[in-house]
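Visitor: Next come the chains, spelled out residue by residue.
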Amino acid sequence: MASTVGVIFSSLNEENIPELTKMRSVGSIPYGGRYRLVDFALSNMVNSGITTVGMITKNNYQSLMDHLGSGKYWDLARKEGGLILLPPYSGVSETLYKNRLEALKGATAFLKKAKEDFVVLADSDAVYKLDYSKVIEFHQQKNADITMIYHEHEVKKSHYYMTFDTDVEGRITGLEINPSSTGIKKNYINVMVARTSFLLRLIQNAIQHGYTSFGKDILSPGVNTLNMYGYKLDGYYANIDSLASYFKSNLDLLNKNIRTEIFGDRDVYTKVNDSAPAKFTSTAKVKNSLISDGCLIEGTVENCILFRGVKIGKGSVVKNCILLTEDIVGENCNLAYVVSDKDSVIRNNRVLAGCELQPYFINKGSLI
Amino acid sequence: MLRKKECVAMLLAGGQGSRLYALTSNIAKPAVAFGSKYRIIDFPLSNCINSGIDTVGVLTQYQPLVLNEYIGNGQPWDLDRTFGGVHILSPYEAKKDTSWYKGTANAIYQNIRFMKMYDPEYVLILSGDHIYKMDYDKMLEAHKETGADCTIACMEVPIKEASRFGILNTNSDGSIYEFEEKPSKPKSNLASMGIYIFTASKLFKYLELDEADPKSEKDFGKNVLPAMLEAGEKMYSYRFEGYWKDVGTIASLWEANMDLLGTVPNFELMDEDRVIYSRSPLAPPTFIEGEVVNSLIATGGEIEGKIINSVIGTNCVIEKGAVVKDCVLMGNSTVKSGAKLNYAIVDEDVTIGENAVVGAPRDEACKTESKTGGIAVLGRGITVGKNGKVPAGEIVDKNV
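In order, the protein sequences belong to chains Y and V.
Position one of the first sequence corresponds to residue 987 (our numbering), numbered consecutively onward.
Position one of the second sequence corresponds to residue 9 (our numbering), numbered consecutively onward.
Honestly, the hints are just simulated from the structure, not real lab data.
Misleading hints may appear alongside valid ones.
[Unchecked claim] These stretches of chain V come out as covered by chain Y in the derived footprint (C-beta under 8 Å, 3 or more residues):
(1) 42-53
(2) 119-125
(3) 292-302
[Said to hold, decoys possible] In silico negatives: residues of chain V with every beta carbon more than 12 Å from chain Y:
(4) ARG11
(5) GLY92
(6) ALA102
(7) LYS146
(8) GLY155
(9) ASP181
(10) GLU188
(11) LYS210
(12) LYS230
(13) LYS253
(14) ASN317
(15) THR359
(16) SER378
(17) LYS394
(18) GLU402
[Stated by the list, open to error] What follows is a set of in silico ranges between Cβ atoms, one per label pair, in the way DEER data are often shown:
(19) V:ASP357 <-> Y:GLY1169: 45 to 51 Å
(20) V:ASN81 <-> Y:PRO1165: 31 to 37 Å
(21) V:GLU276 <-> Y:PHE1184: 35 to 41 Å
Heads up, the beta-carbon is just placed ideally off N, CA and C, and yes, glycines get one too.
All chains, please: the whole structure from these sequences, using the hints.
Guide: This is how it looks when you write it as C-alpha cells:
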C-alpha cells in the first residue's frame, strides 16, 4: 500500500449517545464484550498496514488514554510514527474545538510532520471492517482528490448525516446534507481518503475563508469543483448513534455470520487484561450469548453480551441484556433489555426491564 | 547510582517432563497449557512479579521454541524492564567446553555471570512445573530473619507420597538437620517444594565446589543441598500452607485443572490480590449456545455442544451434539458434532471428527490399567477421524 497516515476522531458525535459518553469519549464506549469502539477504527487501519495514527481527543479523554496507553496492543508503540495522541489546545486555537473542521485544524501540525503520501480520516462511532489498501488503490486509480466511503442503508433521520449519488464510475454527483427524502441511500460513513498535501491545502483554505463546517463548506461545494469519488463499504456496518442502536449492534454479534465477518479472518486489537477464564457453576444455564473472561455465571443467561468480570448470581434470569465490565447481578434477579454501564451492582431480587428500542439504562457504578 | 537487585530469581524450565508423554513431545513442560488460558510457567512468573521480584532468568534446554515465543520480552508479566526483567538463558558454547545443562545445579552454575550482573544478595531458585500462588517475599523475610544460608520451602504431604519428594528432617526451630532425596522410608512428611532461597555468595561457592566434584550429579537435591548441610551451613525450612500441586503426571495435571472448578474451588484464579498473568490471546468473547455446567471456558470459543466438568482453552469449537465431560481441552481444538469426549486431556490444535468417541466415562475409565490412570491423552496437532475411537487411558500422538 502507498504510505498512509491515519487520523481518528475519538470524540465527535458524542451528543448522540449521552448515556455512555458522560464519562468517556465515543471512542472508548465499551462494545462486544471486551472491546472499545475505537478498536474497530484502529484495527482497520493497522490491518491495512497503517503504522502512524493520530488520535484527536477532546475534553473527556482520560478513559480513552487509559485504554490506548502507548499503543502497544495495536502494535503502534513505534520508534517512528505509531499512535500519537492529539489532545485539544495543542494547535493555534485557544478554545476547545466545536466541530470536525476545527478538530482537523488542531491536527495540522501532526499532518505536516507526517511523511506519508495519503491520509485516512475516520470517526470512531461505528463497527465495520474495511481494508484501506483497497480504498487507496481505488483513490489512485480514479485520480481522486477525495474518496468518501459510503454504506447503503435506509437513512436515519435522528441526527446530522450526509448522503450522495455516484455515477457509474463512482464519481460523486449530488451530495445532500440531512435530505428530506427517505429510503435506501448511499450514506457517507465519515471515513475519507485524500493526499496528505491536498488535505492540508483544504484546511489552509478553510482557515483563510473562515469556513466553519467541513461538510457544508468543503465537501458539499466540492462536488462541483473537486474530483470526489464514493467507495462502497460492503458487508456489516453499525453506526452507534443512540442507545437503541448500541443495544442492537451489540446483540448483532450473536449472529454467527456477523461475528465471523467482524472477527473472523483478522484480529481486532484491544487492550489486554488479565482476567481469569469465565467460570460456569453447576447451576449455570447459558444460551445464545457472548461471555467474556472473568465472568462467573451461576444463573440463567440468554441473548446477552457479558463483558469482563460480570457476575450473575444463583436463581437470576438475565435475558437480552448488555452488562458491562465488572457488573454484579445478585441472586434471584430478573433482567430484560437492560444496558448496564461498568461497575454496577444489582442487588438480590431486583426486577428490571426495558424494551428493544428503549433499553433500561443503568449508570456507571450504580447500586440498584 | 549503584545498580543492583536484592534478589534474582532463576527458573529451571529445561526439563523434558517425560511423564506427561505426548503433551511434552514438542514443548517443554513449563509451556504446557493449563487452566484454559494459562501455561504452567505463568504461575512462578506471576508469583515473582507479585512478590516484587522483577529479575528472572529462565533456563531452557528441552524444546524451547514455544516457551521462548511465549515469554517473549516478558511484557505480559510486567517483566519488560530496562534493568532486570525476564531473560531466557539457554545453554551456550564457551571457549573451553560446550555444555548442555547437565543437572539443575550445573544449569545455575553456568549462569553465575548472569546473576552477578545484578550483584544480588539473594538468589531464588524455582522450578517451572508447579501450580501455586506464593509470596516469595515472605520467604525471603524468613530467610533474613533466621540468618540462613539456604532456606527451602516445604509443605506437608501424605506420608505415603513422601517418597516421591525430597524430604526435610527439621528441628523445632525449623532448621534442617537432614535432607533425604526421595527416600524409600521417609522419616517425616515435610516435602521440599523445589523452591530455594540462597544467600548469593554461598550459592556461588557451593556451585563451584559441586562443579569441581567429578562424582557429583550436579543436582541441587542430591548434591548441593547435602554438601551444604554437611559443611555446617545454616539451612532452614520455610513452611508453606496453601495450594501447591506438582503437575508432572497426566493424572496430577488433570486433577489440578479440575481443582479450578466450582463456586469455592480448591485453587482460585479469580483473585484480585494475586493475579496470574499470561500472554492473553486476541480473541473475541466466547459464544455459548449449548449447555455449560461446572466448567471454565477461555475466550474465542464457539460452544454449541454440551460441556460438563471441563476446562476449555482458547478458541475451541464444540459443535452441536458433541458432549465433553470431565475433560481438559488446552486450546485451538475442534470437537465436531456428535463426538463424545470423556475423561481426556486434549492438547492444542486437535480436531476430533464427527461421532468420534474419546475416552470412557470416568468411573469406568478409572478401572482400566494404564499409565495415565484411565485418562485418554491426545497429543498436539492430531486429528481423530470421523467415527474414530480412542479408548480410555490411551496416549495418542498420531492421527486416528
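Visitor: Indicate, hint by hint, whether the structure satisfies it.
Guide: Checked hints:
A stretch counts as covered by a chain when three or more of its residues have a beta carbon under 8 Å from one of that chain; for the region 42-53 of chain V and chain Y the count is 3, and the coverage holds. Coverage of the region 119-125 of chain V by chain Y is violated in this model, with 0 residues showing a Cβ closer than 8 Å to a Cβ of that chain against a need of three. For the region 292-302 of chain V, the proposed coverage by chain Y is satisfied: 10 residues have a C-beta within less than 8 Å of a C-beta in that chain, meeting the threshold of three. Chain Y leaves ARG11 of chain V outside its interface by the beta-carbon criterion, the shortest separation being 25 Å against a cut-off of 12 Å.
With a minimum CB-CB distance of about 19 Å to chain Y, GLY92 of chain V clears the 12 Å threshold, and the non-interface call stands. Non-interface call for ALA102 of chain V relative to chain Y: holds, since the shortest CB-CB distance, roughly 34 Å, exceeds 12 Å. For LYS146 of chain V, the requirement that its beta carbon stay farther than 12 Å from each beta carbon of chain Y is met, with the minimum near 22 Å. The non-interface label for GLY155 of chain V is consistent with chain Y: the shortest C-beta to C-beta separation is roughly 37 Å, beyond 12 Å.
No Cβ of chain Y approaches the Cβ of ASP181 of chain V within 12 Å, the least distance being about 39 Å, so the stated non-interface status holds. The Cβ of GLU188 of chain V lies farther than 12 Å from every Cβ of chain Y, with a closest approach of about 38 Å, so its non-interface assignment holds. LYS210 of chain V, annotated as away from the interface, keeps every beta carbon of chain Y farther than 12 Å; the closest lies near 36 Å. Chain Y leaves LYS230 of chain V outside its interface by the beta-carbon criterion, the shortest separation being 37 Å against a cut-off of 12 Å.
The claim that LYS253 of chain V is not at the interface with chain Y holds, since no C-beta of that chain comes within 12 Å of its own (minimum 17 Å). With a closest Cβ-Cβ approach of about 9 Å to chain Y, ASN317 of chain V is found to fall inside the 12 Å limit, against its non-interface label. With a cut of 12 Å on Cβ distances, THR359 of chain V stays outside the contact zone with chain Y, its closest approach being about 18 Å. Remark: the non-interface label on SER378 of chain V is consistent with the geometry, its nearest Cβ contact in chain Y lying 29 Å away (cut-off 12 Å).
Listed as outside the interface, LYS394 of chain V is consistent with that label: its C-beta sits roughly 23 Å from the nearest C-beta of chain Y, beyond the 12 Å cut-off. For GLU402 of chain V, the condition that its CB be more than 12 Å from all CB atoms of chain Y holds, with the nearest at approximately 27 Å. Hint check: ASP357 of chain V to GLY1169 of chain Y, Cβ distance near 49 Å, so the stated range 45 to 51 Å holds. Range check, ASN81 of chain V to PRO1165 of chain Y: about 53 Å between beta-carbon atoms, so the 31 to 37 Å window is missed.
Distance hint check: the CB atoms of GLU276 of chain V and PHE1184 of chain Y are about 58 Å apart, inconsistent with the given range 35 to 41 Å.
The structure fails hints 2, 14, 20 and 21 (numbered hints given earlier, in ascending order).
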